[in-house]
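With chain W's structure known, arrange chains V, Y, S, P and R on it following the hints.
Residue numbers (the working numbering), protein chains in the order written: chain W, 5 to 322; chain V, 5 to 322; chain Y, 5 to 322; chain S, 5 to 322; chain P, 5 to 322; chain R, 5 to 322.
Everything hinted at is true.
One-sided excerpt, in silico: chain P residues whose CB lies under 8 Å from chain R:
1. Y251
2. L292
3. M296
4. V311
5. Q319
Hints in this document: simulated from the structure, not taken from any laboratory.
Cβ coordinates follow ideal geometry from the N, Cα and C atoms, glycine included.
Listed below are the residues making up each chain.
Number of protein chains: 6
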Amino acid sequence: MYDVVTLGETMLRLTPPGLERLDQVRSLDVHCGGSESNTSVALSRLGSRVCWLSRLPDSPLADLVCGEMARFGVDTRYVVRAPEERIGIYYYEPARAPRSSRVFYDRVDSAAARMRPEDLPTAPFEAGMSQLFHTTGITTAIGERACATARLAAERARAAGMRISFDVNHRRNLWSPTDARSQYDEWLPLADLVFVAERDVALLWPELDSAVDLHALCRQATLIVTRGAEGSIAVTAEGSEIHQPAYQATEVERLGRGDAFSAGFIHRWLDSGDVAEALQWGAAVAALKFAMPGDMALVTPNEVRAVFSSDGSSQVQR
Amino acid sequence: MYDVVTLGETMLRLTPPGLERLDQVRSLDVHCGGSESNTSVALSRLGSRVCWLSRLPDSPLADLVCGEMARFGVDTRYVVRAPEERIGIYYYEPARAPRSSRVFYDRVDSAAARMRPEDLPTAPFEAGMSQLFHTTGITTAIGERACATARLAAERARAAGMRISFDVNHRRNLWSPTDARSQYDEWLPLADLVFVAERDVALLWPELDSAVDLHALCRQATLIVTRGAEGSIAVTAEGSEIHQPAYQATEVERLGRGDAFSAGFIHRWLDSGDVAEALQWGAAVAALKFAMPGDMALVTPNEVRAVFSSDGSSQVQR
Amino acid sequence: MYDVVTLGETMLRLTPPGLERLDQVRSLDVHCGGSESNTSVALSRLGSRVCWLSRLPDSPLADLVCGEMARFGVDTRYVVRAPEERIGIYYYEPARAPRSSRVFYDRVDSAAARMRPEDLPTAPFEAGMSQLFHTTGITTAIGERACATARLAAERARAAGMRISFDVNHRRNLWSPTDARSQYDEWLPLADLVFVAERDVALLWPELDSAVDLHALCRQATLIVTRGAEGSIAVTAEGSEIHQPAYQATEVERLGRGDAFSAGFIHRWLDSGDVAEALQWGAAVAALKFAMPGDMALVTPNEVRAVFSSDGSSQVQR
Amino acid sequence: MYDVVTLGETMLRLTPPGLERLDQVRSLDVHCGGSESNTSVALSRLGSRVCWLSRLPDSPLADLVCGEMARFGVDTRYVVRAPEERIGIYYYEPARAPRSSRVFYDRVDSAAARMRPEDLPTAPFEAGMSQLFHTTGITTAIGERACATARLAAERARAAGMRISFDVNHRRNLWSPTDARSQYDEWLPLADLVFVAERDVALLWPELDSAVDLHALCRQATLIVTRGAEGSIAVTAEGSEIHQPAYQATEVERLGRGDAFSAGFIHRWLDSGDVAEALQWGAAVAALKFAMPGDMALVTPNEVRAVFSSDGSSQVQR
Amino acid sequence: MYDVVTLGETMLRLTPPGLERLDQVRSLDVHCGGSESNTSVALSRLGSRVCWLSRLPDSPLADLVCGEMARFGVDTRYVVRAPEERIGIYYYEPARAPRSSRVFYDRVDSAAARMRPEDLPTAPFEAGMSQLFHTTGITTAIGERACATARLAAERARAAGMRISFDVNHRRNLWSPTDARSQYDEWLPLADLVFVAERDVALLWPELDSAVDLHALCRQATLIVTRGAEGSIAVTAEGSEIHQPAYQATEVERLGRGDAFSAGFIHRWLDSGDVAEALQWGAAVAALKFAMPGDMALVTPNEVRAVFSSDGSSQVQR
Amino acid sequence: MYDVVTLGETMLRLTPPGLERLDQVRSLDVHCGGSESNTSVALSRLGSRVCWLSRLPDSPLADLVCGEMARFGVDTRYVVRAPEERIGIYYYEPARAPRSSRVFYDRVDSAAARMRPEDLPTAPFEAGMSQLFHTTGITTAIGERACATARLAAERARAAGMRISFDVNHRRNLWSPTDARSQYDEWLPLADLVFVAERDVALLWPELDSAVDLHALCRQATLIVTRGAEGSIAVTAEGSEIHQPAYQATEVERLGRGDAFSAGFIHRWLDSGDVAEALQWGAAVAALKFAMPGDMALVTPNEVRAVFSSDGSSQVQR
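Bound conformation, chain W alone (with noise of 0.2 Å):
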């Protein structure tokens, strides 16, 4: 029994320590990260039931990524393990204001690339067995195989009367915009919940007045529109329009913000059904990742309440 299953490429993240620059470095700090393993995890530290799925090289590498995922508690029982395939890798270079923090991909061809649909188990998708599908635009955009693998996933999720998540999540590297928009038009109308950043929308629908009004090709779903400092929306499948402002956080590491929020969004919609709760728990939860080294939201439902009356300070709780 799965609260959420989700789909997709986990990388290794090689980051140099204490600002250095790539180009000097003696180490490397090591993390994982994947767009739908970081959600995963943040979930499962909600208190979700998750199972993760992908391919992974036969490798000590793929067992640091499936070891990291199981000590938070997600099950990564059908992961496909490929050998003499690869796994994919970022360098995350940090940086404070005026130079930006750099992300160098070394992901081509890795075996998350190349999952196929028979790659998929049966067990999580069958009726009754779990509550809800996640995947992002990235899986649909590192290959023709991945892509397939998660439209039939979706499918299969569908067919057992599991809701669907679906986060455009654009990575400008890896596609077109016009190859990308034209996959996400195929997805939107699939699903329950569509998480997309403002500028997203603007980049990849400039057609639209507004971000919002993306919601015309989601009208089955709840969308909500992340806008960084300042907030986010969601449009529901009744087209009432809810705002939520974020909440202040001290920057410790900008990445993975977004996969907080669609946990901290998930894990409360399906808990409550409420979206306006939902969209506080995603903003919450993103503003705790944000004051937090790695990926992923480590956090507790207890930190998420406090976040709800803290005053924006720092404390000490002993």
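Here is chains V, Y, S, P and R on its own, set in the frame of chain W:
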């Protein structure tokens, strides 16, 4: 000859590096921390001669604590070492807003909690040997034996003509407000200096209109009320009030600010007898501590004086 | 379905880096260690399905322990979490000859020592669910409640048709030889596998001419006597003796060798039923552990097999 | 062919990790730092071809300095290596407000201070070989021999038709204002570019109403007055004033900002000859340095240009 | 003017600290490694002037590789930088016996494998510019384009009157013995120096009675057969055999010993032309490398000479 | 009341981590080292009361040295602090055979070398205050003023009825054998204990047939000749020879063994007066030091006694 004799528990403090969460650590940074020993080290670095009294097990971890105290000049020769007992530990998980930093204690039945009146040495309490005795409400809370030992020490100090300093330093996880208050009510009339946080007065003496009204319980003393960012107030034995704003400081670590305040105040008060100056020193040492890792304020008088003339910006001194 | 169910205490282990002494450390490396959990992790990495039973506080340090077990595939779902209790700790100061490595325990009154019979789950002891139950003499020594829990578990295991494995693993700092022996005397007739170090037999049963004579107390069992560098001997239920030399290994860390031995033996014995093979696997896993940091043998079956054909030199495998 | 030839001392810099105090360190981070070499490395990373001249002992620490310079592309082939001499060291204790960061020098009698005119190579000063010679007031202060060497280098540069750049960079711990001023008074009329901090003008030429009035002493030159957060001003040889605000930056490390400014200015000035552009580049490189650990600005032209269009917030660039 | 021109791939090497396993790491130590660049750096530190040719992406990781080479004095100005390509990576998991150290490659489709003949610079191959060209069988194995580039380089070297050095350095994971042998058979007649491991001869030319018989395939060359702890044998072009025992060394890291051997041999051979001396230098540099972390032998001629007179024990030199 | 008063220089020791070479380091481990202070700390940890005399600058690095001494119980109250002077430094590059470990000194003109007779305190040399004065040949070599100070201290010690201990500890990089010998020749007749390495006797007194013949120059003393792995020999004032084999130890770090030997000898000799026992203690403390990082033997009497009964293997003591 000591300027100050302190008595209390020092624990091993274990802290995750780099804002990691405790449940994912691979190593822990080691500090020593305890309210009275924090004050002792800060006093010693300011130039006071300090003797710290306590009880510790006969283990290398206790050697570590005594060694750290000794390296900063505190005399530990009278610390009692009890075979088969244990040292208190606390885990400190620092965080950035909106997440709270957390402290997890593992101090039950520590050697310090079992400190006995007969553990007290006589030399530091001989007439003319020492100037001031300092302890805190924590010592009165950790165990009946420790509490009785502190009381005997205060009596001996009084008999030897020493001044007595008592920092309420209420720990709500150690006992109930009722128990605590009944104990504090016995200490307040004994002390020449009483330090208390405004929020502790509000919690423990809710009937008071204002924290400075606590002076009614310790008319013989100078009462120092600390109010975080809002500064501090002293009420002298003569009843006059002196206000001191807080100095701005960059947050590096929240712990130990109150202990640093006491050290700054006591050091200057013993030197000059001037309450306004002492309050200013307390505020400056607390600000310096806030911008420093660890529980202890490692600062020199010159650095304290530099705070008085600082414009609040960070400088390089060559 | 589990191959092996284990029960026992896991502690936080804190170790100075780089052969420093405990009284001078500035950071401590964090491992998790406990005889039964060490065996559990090694079994899991060899491919056995393992469920570990224990009692831990409701703290992030206990989350750390469970997380480490989970990352290596051990099922921790039945571990009881008790608010307000404490986790056992031990400090390990490694050394090189002629200095001895030292272990300092701080485990009195740990949550595990307070484990109660009612903490036992039923599922792992249902008929057909699990193959073997494993515990050690340490669990019988740390507290009466823990001992009673282990006894009940053994009874349930017997009732469910499971095999029982008992590793004497005598800790002389936990109890007297007399108390220990009277407890062990009750366990030996219950077990199908009994592991014991030769030096423990000499200490506890001084009347025996040879460690293998202990088989008189557990005639129903296969008795495995470990003798350090001199290898090991098994006495089968039928009374035949099998000798196995120790494999040479470079010392990296001394702890956990016995637990690794048990894991290797049990894994192979459950697989093939062949005592000679099992003894060989035990010896190989123990040798691999000796050349590895931490308490746990993190090795695969292929690495075990490579030991059998190794000439003892270190190789690079590309 | 070099764009820039620099001459000056580079020291080993030793820094406590994690804001620790120098009197409690167990390890020290190692950097190399010296005003001219900082400028050299920044210039090299911006794309200039740079040759650095100096004198170092014949030791592995000097190899370390040369190696660091070489890894960033600076030509060190003409650095003189003197057996039996010593390398200058400085200890940098970073701090957060209200504590001051501190620099402790141990540079007396360093090999660089003993640099002799005959140590100068001829090749970089051949006609047409190099475009600009750069040194600072520090080199004129550390020793008479070093000062004489710098003077000879300037003369040779002049003879070869090179431009001369002089950064006053006054160090009050190295000499008296009177001695310093008399030396600077000789350099100012020699230079095509003069960099000076506003506060140094106030200290050394107190009779001037404004720092820009220093241009009276170097009418042939472009004078660049740096004013910290208040930006910078250039006075061209023609006497026109150009003002440049400072770019906002998050403080990571204070050292090396002035050297970064010079590098940005010189690089652009040699490229385009445009003083306003050069000033903007100087300001941007200085801002980037401020947000970076170590003494050296490791930045590319693209990163400089990104500062011009930045809104001051930190970004992730994928 | 170069003494040696080398051509080959350099990869990023990522290594767990402290003998940890790859699947549990939290950070990875970063080194650069590649057979030809290892030899290049060792040659440079011994005093040879070396130019290394290769192809790398246009990324900070490639800057890191070039920077490391440059810091040790190797000229990297002709390395081609290809946007959008990737750098090869290998993970090195060191172990102690009886566990094997392991190397995991992720080098498919690296920029170096795609090196093209037109990437070759002309300057190093101009007549009189360089003395010797060195490459290895790895370069011929990683890709057809790389192999063709190496062949062209050898031809140009021959045309420029340079000596040619070829180290067979067979990697069985890159190609089949048959493919490898057919390629090596073309290289052997081209080379003036051929380095080969005895075990590779046994694998690839099983028809030979002895490794030295390989000299039949390269009669024009000096053949150097390395035999690990059993030393090495050179067969000169004149057919005489010279035997050199291996020097004893404490194992610190196994990688790069062969490359260090080549460097020692080539450096001395170019200097003195004496094969026996060159063999002795090769053996000494290899022994020094074995006792050193990383892939590269960072040693000076004085340290090589000290090996000749050493009694094998470790000493302190003040 | 002191058991031992020592006098000499303590330097900052900077060491690359992990067997790296000095010219590639990014951080350096910090220790304090000096022959007399090494002996002082070891004596203190064994239980002797020790006062260390020296001269240091007024800097945080000198605070570090004094703090380290104090943490291990050595009294540093009489150390003179001289503003504007410098602390000696040495870089220690450890290596494994066949590479030699190397020490690079930067100690010229250190504050200790400038120690003056008037820096000597009177209290430790008052009659009945202290038992033994210890210094080494290094102190006599680093500077004339230091040498004169040591001589005056010896005279005062003699006047106060104290014993005098002199360790030749010849440093050939500090002076010529001739100069050294003429100085040592003055010290030998003054001392009650003379420690000398066999190789130093061979170098300095080549006319002697055997190192023990040096006793002719110090007939009043017990002469202790150390011979590395071959053990040590004492010649008593009565002329009897006592031989002590060396205890086996695993090499962790070579430095400080001789100083540890002196400490073990002196501690036991003051306790029991028995030369054979003292020799055994010296050998054991030296062996323990060899297996320990840093310059100082941090060992307890129990650990020394454990060496006597050890079989040479490494053990775990629980």
